[in-house]
Amino acid sequence: MKDVVLILGLALLLADSPGQTFGSLRSLSMPLGLFAAVQFAYLLMPVSDLPFYAKLVGLKMRLLYISGMLLGYRFVRGPIDVYRLSAVLAAAAIPVSLFGIYLFFQGPAALQAIGGSYSAIVHAPEGGWRVPGTFTSPGQYGLYLTFNAIITLTLLLVPNLTLRYRILLWSSLVLMALAILVSGSRAPMLLTLAGGAVVMLGIGTFGRLARMATLAYIVLAVGFATFGPGVEDRVGSIASMEHVDRFQRTYFGQMFVAKMFEAPFGLGLGAATIGARHFTEFGQVMLVESYFGVIAIETGVVGLATLLGWVAAILLYLNRAREVMRGSPSAPAWYGLAAFVLIIILLSPVGTALDSAPGNLYFWLSLGMAAKLYDLERFRRAAMLAPPGATA
73 MKDVVLILGL ALLLADSPGQ TFGSLRSLSM PLGLFAAVQF AYLLMPVSDL PFYAKLVGLK
133 MRLLYISGML LGYRFVRGPI DVYRLSAVLA AAAIPVSLFG IYLFFQGPAA LQAIGGSYSA
193 IVHAPEGGWR VPGTFTSPGQ YGLYLTFNAI ITLTLLLVPN LTLRYRILLW SSLVLMALAI
253 LVSGSRAPML LTLAGGAVVM LGIGTFGRLA RMATLAYIVL AVGFATFGPG VEDRVGSIAS
313 MEHVDRFQRT YFGQMFVAKM FEAPFGLGLG AATIGARHFT EFGQVMLVES YFGVIAIETG
373 VVGLATLLGW VAAILLYLNR AREVMRGSPS APAWYGLAAF VLIIILLSPV GTALDSAPGN
433 LYFWLSLGMA AKLYDLERFR RAAMLAPPGA TA
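So the sequence shown is numbered by my numbering: it starts at 73 and just counts up by one.
Just so you know, these hints were derived from the structure itself, not from any lab.
Accuracy of the hints is not assured; some may be wrong.
What the hints assert, rightly or not - Restraint-style ranges between C-beta atoms, simulated for each label pair: (1) 105 / 239: 27 to 33 Å; (2) 285 / 128: 46 to 52 Å; (3) 75 / 170: 24 to 30 Å; (4) 453 / 239: 19 to 25 Å; (5) 121 / 243: 49 to 55 Å; (6) 336 / 233: 21 to 27 Å; (7) 361 / 283: 15 to 21 Å; (8) 153 / 398: 19 to 25 Å; (9) 381 / 276: 29 to 35 Å; (10) 153 / 392: 45 to 51 Å.
Just so it is clear, CB atoms sit at the ideal spot from N, CA and C, and this is done for glycine as well.
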């Protein structure tokens, strides 16, 4: 459904604003264009014997969601649009967070009752159990909470908010923090704290950083008391050396580089795309916990080089924009969006957030909205420097 909505939104965008440019995003057109060209070429090349529909799924996962960047850019007419969207998402996150907490206490029966059939390991007060339903995938659910927690935090930094809005935002943020504790994955805790720190340090609100740290401590204390020793042990084990060993076994022990050397020109689109399994025989699709690995295995050295090219271009772009956004009235929103983009890029060598929902859509939307805030700030400063009486 989200793919249909995205395609319709893109069609309406192109029909409503023909000929309009996308400002500073043009600097990303070359690296992204090269990446897209390689992906299209591999769709047509007879590299593998996978069904054509499986290859189409691979192409969709690589390219369709990039259009979210254009939608995000055109959606933002001013900072107020970002603030309103953040408020809507914060409100929507309240029932989602409550449902996650509810599942923590109810166990697998809660999702089995509504027809869930896919299972994943999830923690509960009594220990761990398998719960059906991709909603509780620790990675996807945790990334949803991370994104919404960061943008809710940025909205709280906007001055002159009404008391009603502050109550809504704080309630949402606290519930998301509690839901993160029970999501079954440690990564969202660290990523949310890191994203919040990037925002605070970026806008220079060190006093607020201390207050946020105090609030985080209180939320953790309440969470430990409410959710039992399972959550407390998981949080306390974040600094354990066990994770270093696990990281080496699961990621460095399955390095995609070796497979890429075996087939330097790739195995073809869909060969490592999870969604392509619906059109293939069991075992035809490789399971790779790395977006870099997915690209390298499917499109070889050429595909990996184009991926590294647009990743580097985005990092350089954000660094340039940071110099302009520092001190801007919309700096909190920009830093929140940029922080999430950086988080997804950081995860890409060891995870597939860019190849699955909601990370792929949130990533490109965040980049597009951040780019528009950057362009609006440049226009605002140019207007301030223009001589009196000058016309645009």
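Verification of the supplied hints:
no., hint, in the structure
1, 105 / 239: 27 to 33 Å, "46 Å, violated"
2, 285 / 128: 46 to 52 Å, "47 Å, holds"
3, 75 / 170: 24 to 30 Å, "28 Å, holds"
4, 453 / 239: 19 to 25 Å, "35 Å, violated"
5, 121 / 243: 49 to 55 Å, "54 Å, holds"
6, 336 / 233: 21 to 27 Å, "54 Å, violated"
7, 361 / 283: 15 to 21 Å, "37 Å, violated"
8, 153 / 398: 19 to 25 Å, "22 Å, holds"
9, 381 / 276: 29 to 35 Å, "33 Å, holds"
10, 153 / 392: 45 to 51 Å, "23 Å, violated"
Checked against the numbered hints listed earlier, the structure breaks hints 1, 4, 6, 7 and 10; every other hint is satisfied.
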